[in-house]
Amino acid sequence: MKEKVAIISVGNTEYTSLRRETRSKAELAYAAIKQALDEVRLSIEDIEACVFTSVDGFEGNVRPARVLEAFGQAHNIPLIDVNTGGTAGGSGIKEAVHLVSAGIYRLVLVYGSPTFNEVVDNQQVLNTASPPIFEKPFGLGAAHMGSLYGARYMREYHVTAEDFAMVAAKNHKAAASNPYAHIRKGYTTAEVLSSPMVAWPLHLYEICPVSSGAVAMIFASEGAAKELCSTPVWVKAMNSIADTFLSGYKVYKDFEKLKILSKRIYAEVGIKNPRGDLDVVEIFNPFGPFELLAYEALGLCEEGQAVKLLREGATQLDGDIPCNPSGGVLCTNSGISASVTRHAEVALQLMGKAEGRQVKSPEVGLAHSWGGNDGQFHTVAIFSL
Amino acid sequence: MVGKIGIIGYAVVGFGADVRLASDELVFQASKSALDMAGISREDLGTTVISSVDVYDGITISNGLTATAGGGYEKDATRIQGGGVGAVFSAFASILSHSADFAVVAGADAVRYDDEVVSNSSYDPFFRRPIGMFNLAGYALVATSLMRETGATEEDFALVAAKSYKAASMNPHAHRKTAHTLEEVMRSPYVLWPLRALEIAPVSKGAAALVVASEEKTKEISKDPVWITAIGAGTSQYYGSWSDLMALKGMRAASGQAYRMAGITDPAVEIDAAETFAPFAPLEILAAEALGICKSQQSLEMLRHGMTSFDGAKPINPSGGTLAANPPNCGGILRTIQGAQYLQRNTDARKVVVQDSDINLGFFGETYHVAVLERGGTES
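So the protein sequences, as listed, match chains X and W. Letter 380 of the first sequence, counting from 1, is numbered 380 in this note's numbering, and no numbers are missing. Letter 250 of the second sequence, counting from 1, is numbered 1250 in this note's numbering, and no numbers are missing.
Looking at chain W on its own, in the form it has when it is part of the complex (with noise of 0.2 Å):
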């Protein structure tokens, strides 16, 4: 362990198809509003990290339009492109190193944008560019291949997704509300086979902000936080095999260095719930191994006796998920905030974890973080 952070405050604007804000008053409004729950001024700051990919923001240095809006201003600020679990990373650095004792993370999504051309514009120009791959194409891809290899069938993918509406009927901030069944799923219509529209996450419009402090300014501020002991990174390869692919190696990198980090040994027992980043259903059920909450060959089962439910013994995504709301520049500090939310409504949890990656540009060369999120009293 190398140390942990606290999570003091946090808000959410949205989400939705689309928002009538910009992306500076989208990230204002987050984390002044997240400041305020941390009961802190913008003055108090070390530094202010946000979460944003240029492309998604229709700017070249996006972060130039966002850094101050969210606290920056005379103050330290960077930009971490590949997630917002990765610009938690970057705050959890600069905590534990003595940089700063508070930082916000923020992230906006306000632009609207052909998300098939961004995704293919992230591959290269030669090989995977010209033959048209983009997300879709690869999440097919993956969806059939774990068919093929573990027997999971269409009615699965549909059962992860009717799961995740359920949940997020039940979230204020879900950009997706119905709680469609699986009968629903299963007629919603092939976008790319096996994948049905409802089974793919939408791209959601909002802002995330989280405020984050050292421990013992934790301590000071709040009397039973949600602490952030372990991040974990990983990237995978761009011209790998398709079965490291398969196996989500850069996400058992991840994975393996945050356990690590937070002495987890045996992720299946000691973790209670995990929120992931799966923009189509199927994503979810190899996290799950990949990540350690379901032993290997298990995840399958777990799903279908309704263990990975949110009422379930291993909620997976209790908030409803990717599928409930997808917003690709914060979408990271969003489920942050949701995976420490659980741990502030069910009191018996200890250990969530907090998966995250930039694979809405796609598979292949991609960068996955894992967090681990504990509760326990000050004293701790």
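Chain X with its partners taken away, still in its complex shape (with noise of 0.2 Å):
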């Protein structure tokens, strides 16, 4: 990177389910945006450029983003509109830090949109992801992404049903201590266990809820960072990978682009060993196998040995690496802005806001975010104090 890009200022609403809301889009907009602003005392008309993301297909409106105005518009404020499926908050946050290290602009906000909230059948839009002569009419949703990668996972390292319900329970006790997640429940291995069978291997819990709500965030120059925060947070490196569009190249045993990437960025930055030199990681977990997937993608373990990793303890939040201490996407998934909130879940651990959540001290974060058809993109961000 050219400049240095800080994280200055997270916005977030409550999270809710999307039948239960009663806010319009607007509102949640212009409640994340006020309250990033707030924090660093900004007004709309100081930011330089908006990036919006989201994914059209999910919206009651053809580039949504156009009728909310939210986004500063009576200032002719740019609204920079990013739409990569599920990644499209880490691809929008990595537009911002791109027009900021570029020297373009000195404060960026990026809005994570509530894409779900207007949707009647999720996994019938999703399926027109897929490709459409080939794939869509075998009925992919996205539950059957999930369902895909856990069973051939546990099929590869003889995981068992009990282990993809404890990872669930471990992000189901973490949402329950944080007052932005939507479902703070609770639940236990067993009650994840028993909850009804969707897509087999995966039980109700261990698949996410749809959510209503919204995040913002605001990116900064050093010299504006500097001036305005005084816990700015660094971006280190930030960057994603592409995979075909078709799924029938996949083996689903793993994210081997993941693997790619995670290693492309820890060389960027010097990492050695991502388990000791990480101190906190959000994972895009909207299906719980996911979580292990990830551990081995990024390093965190060797492969196969996600679940003695997570036996151990070592990714709950008193462990030696948290991983999804805010209960991650499994338990909030209100669209594109759980793709921005990992990111914005990782700025407030290192600026020590993470409220009931907090994990002690952290330097060092990373942030991934995960989409397109059956996972084809994938981005990593490496945060620091």
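If you are wondering where the hints come from, they were derived from the structure by calculation, not from laboratory data. Please note: incorrect hints may appear among the correct ones.
Stated by the list, open to error - Below 27 Å or equal to it, Euclidean Cα-Cα: the simulated BS3-like pairs (lysine-lysine) are:
(1) Lys2(X) <-> Lys1219(W)
(2) Lys253(X) <-> Lys308(X)
(3) Lys259(X) <-> Lys272(X)
(4) Lys1223(W) <-> Lys1351(W)
(5) Lys4(X) <-> Lys34(X)
(6) Lys250(X) <-> Lys1032(W)
Each of the two chains sits in its own frame; use the hints to bring them together as a complex.
Below is the structure:
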């Protein structure tokens, strides 16, 4: 990167179910953005560009940002619209980081839209992201993407249903103390296992809910960050990787592209031992097993050793490598908002502002997002104090 | 100035009313040809930026289909919605932040859709969508307002179209290649008064791709490159006033930012030509002033005197512009290519402005981009 870039602020709304949502899309955007601005005593006209992240297909509008007047349109602030599926949060943040690092803007706001809160049937919409002629007719939806990875991983490493339930329970326990989580019931391993089977091997509580809520983050140049914020979180590296559209080539036993990407990123920032060098990790885990696949792809453990890492308790809030102390996407999935939230959560952790879910004095964190047809895209960001 | 990037390769497939290829095939063909022209391989790429909107591709997360076709396999890739110059802006930021040395910016238009329905669905569900607001209705409202406020006539609109078609007849990639005369434009039927059929752009199918590179890499590859020295962006208010809309405030913000970045203080003097996004002829008249290419209140006079024709003193849309070809996903990339080609063909020209937006979805809440292209030897 050319110039240093920092996260100086995060704004969150509370999260609820889309069926209980009473706030409009504009109100959600306003609430999240207002909080992010207030935190650093800025007003919207101080922002030089806004990055809107969503997936059009899920929204009630084509290009919904056009009609939401929360992004300083009255001041003709540029609104940059990024859509790369579930990774749109990561891609949008990457856009903001590039714009600030290049010296084009000093202050850029990234907004994660509550993508799912107008959708009647998410599975059906997600099916339209599949290759139209070869794969869409099979009826692949979001839950199936999770189950394909889960099933193959189970077979590959002799993982049990209980192992999967354990990783889900770890997230549910964490979410119970996160004021910005949607499902805060703290389901135990036994409760996860007795929840209804949705798409084998995934039970209901191993699959994310459909949430509504929004998040905003402000990115600043070095000068602006030091002026406006006492605990800026610096962006050390940020990148993405793309896989093919057709799923037929995929093996599903691991996140092979994430493995390539994380190696590149670690080399860039000089991380040699991820488990030792990272202090907090937020993984995009709409399905329980994803977290285990990501442990391995991110090099937190050897191949096939994720369950061991989990059972050791290393990835819990008080473990040596806490993963998803927020409860992850598994407990709160407001669409692309959840993709931005992975980064916002790591930033809050490093700032020491992760109320109810604070990891003990972390200095370096990693945020991950996943998206596109059957997870063809990944993004990884490394933040530090 | 924050730095500049070089255009080292480009390619266009089409344009026409229909294509026989799918979006990914189109993106592949255009990107591969552009990489070949640049003399680099996919392995050299730092990023691939796709310009598209899901609804124009008929599938959700449609860049899933095109990202790897544009060279993005196992690479960084992203997708920008809101016009091709917006995607060029993303590559510009990527290269200037030292995140990439080379980037492909590509887009394709292959899928047939109902433009009126798509445009209508981009309006809010409570106020404007139920009254049937859609892009052409907004265009016609702006045209009537322009007539009332500036004394522009229907002949003026036809004149813009006729000069575009004359230029288009020399453009091998034009969708409408016939050099329709002023009389022919005036005889074409009204679609929405005061707009006639030949004053409204077609919806074109095809693809366009650009390969851009850092200053250092560009100098290694090209002796006489075209540089992108600045890009600005601005968004208009959805519930803004009519006078704000007529002032094209988003476009003014975008051009202001771009000119500051490029160090342009008097655009009317310094800019030699412009490629603009005008899906209906009258917008070119308004845009010429919002871009500062014509002094205030002078764009009609310049048009009437032929100064903005392709062979005039200040050509606007010398390629034939949007009336010649209007692919919604890759249009901004096409305009950037045409701006670069203008500089390559006209050796005395130094600076060209490329203006783009997402108003193909309609007015209100639209985002504009303005890029400054400059020619200068590698020593500059």
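Results for each hint:
no. : hint                      : verdict
1   : Lys2(X) <-> Lys1219(W)    : 20 Å, holds
2   : Lys253(X) <-> Lys308(X)   : 17 Å, holds
3   : Lys259(X) <-> Lys272(X)   : 14 Å, holds
4   : Lys1223(W) <-> Lys1351(W) : 18 Å, holds
5   : Lys4(X) <-> Lys34(X)      : 25 Å, holds
6   : Lys250(X) <-> Lys1032(W)  : 25 Å, holds
When each numbered hint is compared with the structure, no violation occurs for any of them.
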